[in-house]
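There are 2 protein chains.
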Amino acid sequence: MQINLAIDAMGGDLGPRTNVSGALLALLHDPLLSITLVGNKEQLTNLLLQHSLSRDFTSRIHILASDDAIGMDEAPASVLRNRKNSSMHLAIKLVAQGQCQGVVSGGNTGALMLISRHYLGMLAGIERPAISTAIPTYQGRSYLLDLGANINCQPEHLLQFALMGSVMVSRVEGKAKPSVALLNVGHEAIKGNSLVKSAASLISQHPCLNYAGYIEGDKIFNGDVDLVVCDGFTGNIALKTSEGLARYLSGQIQTLFHKNWYSRLVGLMARPLLHQLKQQMDPVRYNGGSFLGLQGCVVKSHGNADAQGFSFAVMRAAIEARQQLAAHLQVAMQQRVFSQQKS
Amino acid sequence: MQINLAIDAMGGDLGPRTNVSGALLALLHDPLLSITLVGNKEQLTNLLLQHSLSRDFTSRIHILASDDAIGMDEAPASVLRNRKNSSMHLAIKLVAQGQCQGVVSGGNTGALMLISRHYLGMLAGIERPAISTAIPTYQGRSYLLDLGANINCQPEHLLQFALMGSVMVSRVEGKAKPSVALLNVGHEAIKGNSLVKSAASLISQHPCLNYAGYIEGDKIFNGDVDLVVCDGFTGNIALKTSEGLARYLSGQIQTLFHKNWYSRLVGLMARPLLHQLKQQMDPVRYNGGSFLGLQGCVVKSHGNADAQGFSFAVMRAAIEARQQLAAHLQVAMQQRVFSQQKS
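Each protein sequence line maps, in turn, to chains A and B.
Taking this note's numbering as reference, the numbering of the first sequence is continuous, increasing by one, and the terminal residue is 353.
Taking this note's numbering as reference, the numbering of the second sequence is continuous, increasing by one, and the terminal residue is 353.
Hints were generated in silico from the structure; no laboratory data involved.
Be a bit skeptical, because a hint or two may be false.
To be verified - Now the stretches of chain A that chain B is said to cover, found in silico as 3 or more residues with beta-carbon under 8 Å:
#1 51-58
#2 144-152
#3 155-169
#4 244-250
#5 253-264
#6 282-290
C-beta: ideal position from N, C-alpha, C; glycine also.
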């Protein structure tokens, strides 16, 4: 299915060069994808010229000019009000106006969330988007949410995350009844804080959910469950701690293979393997945080993702847009509200 | 300084063989250390005989017989009441009676905490021990607490953790004014939940603390601060997620170096390096969770730590016992209570 994604080409720590290269990688990978790059027209045109693209490629690339880029540390509320011609605003508006089926940005997360809510609106009963990402496991990948959008959660929020996450996994991974676990400090029923215990009671009783009980932090990577649900504070700490550790260990490997002449020699021979390893350890490998709960497809790329990382985020948006995830979430949440009203 | 540590030889997933080997490694490393192994006398004697120890060694090893061992999943409250002759009970009593200066156990964490509180008592103003462990960083090591003892925290608890942790780091690492950060979802003042924000206000205003602001999960391993404070729920998730990721990546490396004949060859050459790497990635490398806030030294070894891991926990207990950490914590907490009453 043909789709067109809006790319906030000015977002992220590494700027338009990385975003453009990443978007081109996604185009290479997906022949039915078109993109609209939003940003400084001259800069983007020059970057595209450097790639000497074929006509097939250029026909799938559009540019929407914007001379304003939002900084990573600007206050979201002020950005929402005052920067209506910024690349982020214009990129999201393309989705709101139906010209694009999704948007990808590596920019300011708070601003992206606020502007997306403003132009796209939320699904009934959802206050703010939950951020979800894929994590690598022994068995492929699982999904984790919320990753920081909802810092102060009630049990009902965790139920919403479980419902939205289940719909997302079933659409994106094609699993009929994805298993859902709650992240907790132990697997026994008596463990955990009051939030987790109340959420467990809501989730376990919900007819649409395949509840698998509590999961501890060290079991996330086993891949025994499809979806791990937690409040945004906990999820943010879990994900970022993992990112930090992966970077630390990656650095340790580098140091180890540069220690003396023998390790340098082995390091030289092991270079292709170490390259593979680095890719596997790299947090951007599964780059792309989906904003669930919006009436539209918005994917946040990691602020310092490289071109390959950015391409993963674009491909994630392509999958979600093709699967019409937002529409399916809307139906699922409406059915839920309906069934609650009946009972 | 000569010290004698009580070892719950029956605790942990791997049983007395691992604990005895670990304790012997610690004796080898520390010539002024003696141990009292508490557990099945026949089993322990046989295990010691297998090591063909010199007289110097045997003179530093005592056995206290106990024919009851507490299971990893037993209910702590029932264990406290009904299993008074278990190895864990008797080992902790040795500390309470002054015969040992500290105790190490790899057994049931909840039971260890409850029995320790019962026999040793808490410091004034502390309700339950906070668990702290060292974590590897680019610059050496930092400390993280609480790791799961205190699931439902008030801001005052986080202040207690900061105070106890600061005293611990200054004694154990010899740092005059250790820097303390609060684990949070962002470094800006507006970020975080109400618990973290209120705790920040308490910690930043405390005259004895060197407050360094908020720290995000991915910065923990940078080692820019000496101590990272969080509630027990968050700390448990952060630590266990890190353990799980380290195990996962360790497995990926194994797989990578066994993929084909070339990678197996490189793997063979890289074996000594990979061994070092595995050790660095191993969570037991910094094994030993200190229970802070008790009137005595109690160190919890990871349930599935190997002999080397267990030896790290014993050596940690030896440092804390020699530094008379519990006594110093008592003084520090009393001074604090006093200064609060004055104001």
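Status of each hint after checking the structure:
| no. | hint | result |
| --- | --- | --- |
| 1 | 51-58 | violated (count 0) |
| 2 | 144-152 | holds (count 3) |
| 3 | 155-169 | holds (count 3) |
| 4 | 244-250 | holds (count 6) |
| 5 | 253-264 | holds (count 10) |
| 6 | 282-290 | holds (count 4) |
Figure legend: structure checked against the earlier numbered hints; the only hint not met is number 1.
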